[in-house]
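Mind docking chain R on chain C? Use the hints.
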Amino acid sequence: MHRTTRQLSETGDSEGLDRLQPGATLQERYLILGMLGAGGMSSVYKGRDLHFPNVTKLVAIKEMVNLIADQSMYDMVVRNFEREADLLATLSHPAIPTIYDNFSHHNRSYLVMEFIDGQDLEAILNEMDDFLPEEKVVSWAIEICDVLHYLHQHQPNPIIFRDIKPSNVMVDQHDHVRLIDFGIARHFQPGEKGTMIGTEGYSPPEQYRGEASPTGDVYALGATMHHLLTKRDPRVEAPFSFQERPVRSINPLVSPELEQVIDMALSYDPKERYPSAMLMKEALITTAKRTGLLSQPSIAAVISKTDSVKEIWAFECEDEVRGSPLVFEGNVYMGCYDNNLYALEAKSGEFLWKFATEGGIAGRPAAEDGTVFVGSEDHRLYAVSQNRGSLLWSYFAEGPIRSSPALSDGHVFIGSDDNRLHVVNQITGRRAWRADASAAIWGTPLVEEERVYFGCESGDFYCYDFKSELKWRKKTKRAVTSSPILIDGMVYFGSRDWTVYALEAESGFQVSRFRLGGATISSPFYAEGKLFIGCGDNHIYAIDAKHMRESWRYETDHQVTGSPIVHEGSVYCGSVDGSLYCLDFHSGRLRWRFHTSGPITGTPAVFENTIIIGSMDHRVYALIS
Amino acid sequence: MNPISRFFTKIFGRPAADKIAAARGDSTQPADLLAEFESPKNRLVVGSSQSTGIERSHNEDALLLLNGFTLGTHSHSDFGVFLVADGMGGHRAGEVASAVSIRTVARKITEHTVLELLNGQDSTDTDPLQDQLKQALEEANQAVVDTVPGGGTTLTAAILVGNQVTIGHVGDSRAYFIQDGKAEVITRDHSLVERLRELGQLTEEEAAVHPQRNVLYRAIGQGANLEVDVFSMPAPKGGYLLICSDGLWGVVPDPTMIDIIRSAPNPQTACDQLVQAANFAGGPDNISVVLVQFPED
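Protein sequences appear in the order of chains C and R.
If you use the working numbering, the first sequence corresponds to residues 187 to 811, in order.
If you use the working numbering, the second sequence corresponds to residues 101 to 397, in order.
It cannot be assumed that every hint is accurate.
Stated by the list, open to error - No more than 30 Å apart at the CA atoms, straight line, and that leaves these computed lysine-lysine pairs for DSBU-like:
hint: 1; chain 1: C; residue 1: Lys417; chain 2: R; residue 2: Lys282
hint: 2; chain 1: C; residue 1: Lys457; chain 2: C; residue 2: Lys467
hint: 3; chain 1: C; residue 1: Lys732; chain 2: R; residue 2: Lys208
In short, the hints are calculated from the structure, not lab data.
Here chain C stands alone, though its shape is the one from the complex (with noise of 0.2 Å):
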């Protein structure tokens, strides 16, 4: 014999990690032939049992290196490590490995066991340019969930696993499954020291406070299958955040009940979690079959669909209703493309004066200390009496007037076709100032703190100061026929460019944006974070505002060209399909939809707990739910 058993450092070098080489041999029978893999302080090498000399009997040896220091808590891991060997010798099933001998040298322990021809999922996921197909991570998962049975089922202590992962499952040259490393080595691990990047990503939450069971077993398996159905590693997520990226959000090809069977699997709480192994595979063995019926009832909870609507009055016009109403001290103030500008009592809907403009009023009108203004298409601005809808002045501006009136520091506000914004005294009419716009303004002007926001049709963006002076100038692609509204020293507003801007207010600068799927002409609403958008996609959209992404999205039946507003944890939007539509605030579900005959443009109005909405079915009406 020309082999010598290896003499193992005692010096303790560096780290006592020096790998054994081939060559060398361990109690005189397990020669090493290389390695198979590493880490952390385990090592596991390919061997020859030489006791089998005539024929080549394969073995698979981990070894782990003890570096603990203190001797008490040294002799405690060896004696951890002999119990869990003896343990492991006594278990049989087609999934585990056999174990043959065990033995301890210097600060070394050794487990010998069968050697699997094969790969472990990690290496199989990483070899897979593709999705791996749902029938082979079920046929595989249901061989995990029975050796997992079997190991919970041990007498007279269940066996938790701890530690199912890809890397930890191997797959045999007959494509079955064989779990391996049985966290043998964790006892080895000293305590480590200073930040390290990734987490465990398979272990439940629970397992983080010391708590085993089956359940987190069962847990452990679900978060396997979803990295194995999605390649999305979890160690680089946020832990416990796969219900947060559902599977078929990822690979669309897996099935809805395998993607409910691994979501229930996935359950924070243990107690929504499968009960026991036998239990998920039973779920896994009905997916496999196709039938269809799981058990579990749909995870969604569905909004009362008693939610409805009633109809409270309507009023009708002699033409479209293009504009939005405006709620003022118990009236409705809304124009007309029969060029009225009507006054209603909120809570009849009776008629109570209406005053005749010479063209189509496509604005709101505003109100303040007992006067409404609108803006006509006759190039006029009007001032009424809010009481008896008298005239008490006019303005001309050289074009027709779509935009809105904005009220602020005793002046009307408001763009028209003439491309100027302008500034007109509230109680005499004449004008204070104009700006200059490179096109026609049909939104209506932003102002707060001395400082008029407002977008015109070339898709230029301004704001002046009350001196006139013009602060600074955003350009987008398309039009602005959006409202710009001000969060936070932040201005937002939509573009037909297909963008939703947030510009911070005092210098105009880019801080993000959002893109739609579509031009907007919609206005933004804002309300507890999110900003409300419609488009021309059909969507109503809820965006998260700090970070400017998509919280939800709601699709009506044609474009949304109104604006939203939120009242009480619901969004109010209307749609040119007909309808107004009552969402839920935080999830965008629908609550309710009151279709009338007509397109609507405009934006909804609240009067106490009715909302108020024309239709370009020439009716104005009050909706309550």
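The following block gives chain R in isolation, referenced to the frame of chain C:
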């Protein structure tokens, strides 16, 4: 005051008028006048400090500050770039990773955001700041993967433009807003224990001593699929932005930090004292602190 005169007051009687009156010499106390013009009240004041700490042999943290303010009628807005990175990885990989990251981010922000501001860019053709910052952190991630294999770093970047603070963040360094005696953590630690705490598995106290409290699930240098937190918030008027590595926040309790900041005569002294406090408490890790004081209006 009627609406007309209210309007004209706003137009012609700008608040600046008071200062003009003061500057003309209506004030009889030149010392006060001088104090007003030298007082930091109307502009940003910045401090920073760093220490290796007591227990560590070398420093893997890095920080970088760029601060620009202009005065004048047609001046652009103030801006600032504030970066803190806490490197990790053996064989000096950590210190290289943190240095490479902040250089990459500062260069990208200078090339785009800062030049854009100075140019007075008025089109929306360029990427908005949030997108640029996200790309900058992704570039830093790639730079670390390429040049420092095995190295990683946290990175918390705050970009100030006008009155908006835009944050780019990966890891467990933190940004705080401190205002009215309260400290609010505006970043989210990408650490295992923070996640467990958010989910109610650990209490604040348990998290502070959990053996895995230094395990991050997201860091610059992790390679593919790096997800970067980017968001904007209005700057706290008259308050502070504090950015620090865990060598400070993991050691010095919030109330102590607030006390130090409130009682220090200026942000620089506050930063020095914060570092002292961390070292006094044992200095288990590298400490980096950046403190930005915002004007009242």
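Problem - Contradicted hints - numbers only - result: Failing hint: just 1.
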